Amino acid sequence: MQTDCVQPFLFEHLDIRGALVSLDQTWRELAAGRDYPADVTRILGEMSAVTALISANLKQPGRMTFQLRGDGAINLLVLDCDEQLRLRGMARWNPETLRPGETLPELLGDGQLLLSLDAAAMRQPYQSFVPMQGDSVAAIFEHYLTLSEQQPTRLVLAANNQRAVGLLLQKLPDADHHDADGWNRINHLIATLKADEQLAHSPLDLLHRLFPHEEIRVFAPRAVSHHCPEDWEKIHAMLRSLGRAECEAILRDKGEIHVRDDICNRDYRIVAADLDAMFDAPAHRLH
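Under the working numbering, the sequence shown is numbered contiguously, ending at residue 307.
Watch out, some of these pointers could steer you wrong.
The calculated lysine-lysine pairs, modelled on BS3-like cross-linking and capped at a C-alpha distance of 30 Å, are [unchecked claim]:
| # | residue 1 | residue 2 |
| --- | --- | --- |
| 1 | Lys191 | Lys214 |
| 2 | Lys274 | Lys254 |
| 3 | Lys191 | Lys274 |
Between beta-carbon pairs, the in silico distance windows are [as the list claims (entries may be wrong)]:
| # | residue 1 | residue 2 | range |
| --- | --- | --- | --- |
| 4 | Pro115 | His233 | 14 to 24 Å |
| 5 | Ala215 | Asp55 | 39 to 49 Å |
| 6 | Pro81 | Phe149 | 19 to 29 Å |
For the record, the hints were derived by calculation from the structure and aren't laboratory data. Remember, it's a predicted structure, so these values are computed and weren't measured experimentally. C-beta: ideal position from N, C-alpha, C; glycine also.
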């Protein structure tokens, strides 16, 4: 069973393209040690799935980041994916205001969702706000992709504490010439898909189960992975930018310098004995 991948496909005679994403180990590693409540797990998992789908479909490969900040019980979501489909992310929530079973708009409150794309060919990163229109992560991104790509789009997402999955379909310009009822027929089949069924099957198995009478061309899958390595070089560069005097002042006050990397769920601690090596070592180029 192919897992941790984006699986592109095409309906041969309908001019409808699609992709399935399955995040298994990738999703479990991303969420490990976080103790996310069920609603936070589901929403962050669905965001992880759609981030991988959109990243795999970019016309100009680069690093894509979604960041949501709001005033709801879930007040921060960050998902980051590079052109090699290496994914990382996190959520922050308020346990005092989180109410199980609330709708997505209730959980997120008054928030803004920002997309950033940084590609080598760009002079500066591209940024765009994603309209928060819809009562689910799938509805929000379905609306956004339909408007931004000028193609009718259908998106179905699901996640639990073991898997995060997604199905993306887009109607291409000549679809109605190939089969006037094709898009409606495919959408009718999509409407029968339940979250537990979507979570239970591998991408190829789900395709065959969902569209048994359609001729589908399947392309090579693209692997997705969780990527959040320890990066002392980045921490040292940040502390050098503060200056030795400021670092020494923090050490006198706190006994150590503690840097928290929320997105990778990692703590860095610097003690006095580390300062000489850190400031005397030549600065390295950050990657």
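Evaluated hints:
1. Lys191 with Lys214: Satisfied, since the Cα-Cα distance of roughly 22 Å is no more than 30 Å.
2. Lys274 with Lys254: Cα-Cα ~21 Å, so holds.
3. Lys191 with Lys274: violated (58 Å)
4. Pro115 with His233: 14 to 24 Å: violated (48 Å)
5. Ala215 with Asp55: 39 to 49 Å: violated (22 Å)
6. Pro81 with Phe149: 19 to 29 Å: Because 22 Å falls inside the window, the suggested range holds.
Figure legend: structure checked against the earlier numbered hints; hints not met, in rising order: 3, 4 and 5.
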